[in-house]
Amino acid sequence: MILEAIVSTLNEDGSVNIAPMGPDVSSDCAQFDLKPFKTSTTYSNLRREDCGVLHVCDDVLLFARAAVGRLDVSSVETKPAKLINGQVIVDSCRWYEFTVNFVDESSQRAVFKCQTVNSGREREFWGFNRGKHAVLEAAILATRVEFLPAKEINQQYIRLDSIVQKTGGTSELEAFEILRAFVESSLTV
3 MILEAIVSTL NEDGSVNIAP MGPDVSSDCA QFDLKPFKTS TTYSNLRRED
53 CGVLHVCDDV LLFARAAVGR LDVSSVETKP AKLINGQVIV DSCRWYEFTV
103 NFVDESSQRA VFKCQTVNSG REREFWGFNR GKHAVLEAAI LATRVEFLPA
153 KEINQQYIRL DSIVQKTGGT SELEAFEILR AFVESSLTV
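Residues in the sequence shown are numbered consecutively from 3, following the numbering used here.
Please note: incorrect hints may appear among the correct ones.
Said to hold, decoys possible - Simulated pairs of lysine-lysine, DSSO-like, Cα-Cα distance not exceeding 30 Å:
1. Lys153 to Lys81
2. Lys115 to Lys81
3. Lys37 to Lys81
4. Lys115 to Lys84
5. Lys153 to Lys84
6. Lys168 to Lys40
7. Lys37 to Lys153
8. Lys40 to Lys84
9. Lys115 to Lys153
Stated by the list, open to error - Pair ranges (Cβ atoms, derived):
10. Phe149 to Trp128: 29 to 37 Å
11. Asp74 to Thr41: 30 to 38 Å
12. Leu5 to Asn103: 35 to 43 Å
13. Phe39 to Val75: 16 to 24 Å
14. Asp15 to Glu79: 14 to 22 Å
15. Gln157 to Asn103: 35 to 43 Å
Worth flagging that the hints you see were computed from the coordinates, not collected in a lab.
Heads up, the beta-carbon is just placed ideally off N, CA and C, and yes, glycines get one too.
Please model the complete structure; the sequences and the hints are all you need to start from.
Given below as structure tokens:
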């Protein structure tokens, strides 16, 4: 199953990198596959460190900002992981410290086979409404502006905007506007 999650890794200078990812996870998250593009910071950090933290999170504003590079990482509270060299996002619901057991680099996206070595809960999962789901879909589309047709993205954004307007709260509305601005500026370049 694909889980929309947030992955934190450490940059070479020790600062935290936060990126949304859709790993293929086992039902208990004991094992999962991360598939970052080889040009991404997450890829570089995993190749260097072979570890990170996978977060289950219901904060769509964090997803949106991280997806389009509009996240001030210093505004995200973290704490040191216990068994790996990494950072746990304090406002996540659940987290999974992991190590990389195997890397397949034979295609455009590398596949990192990961094993959970420690896990914990920070708070209960509040849940998703249709507006939160629509923001997640919009964030995924925003990360694909370089290779999906503009017409397809624009059509999807019209549909998703209606859902966010009807069912979203202030965080969902703000997140969607961040994504819309990014997509509009990216597609007009």
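Could you check the structure against the hints above and give me the numbers of any it violates, in ascending order? 1, 5, 6, 9, 11, 12
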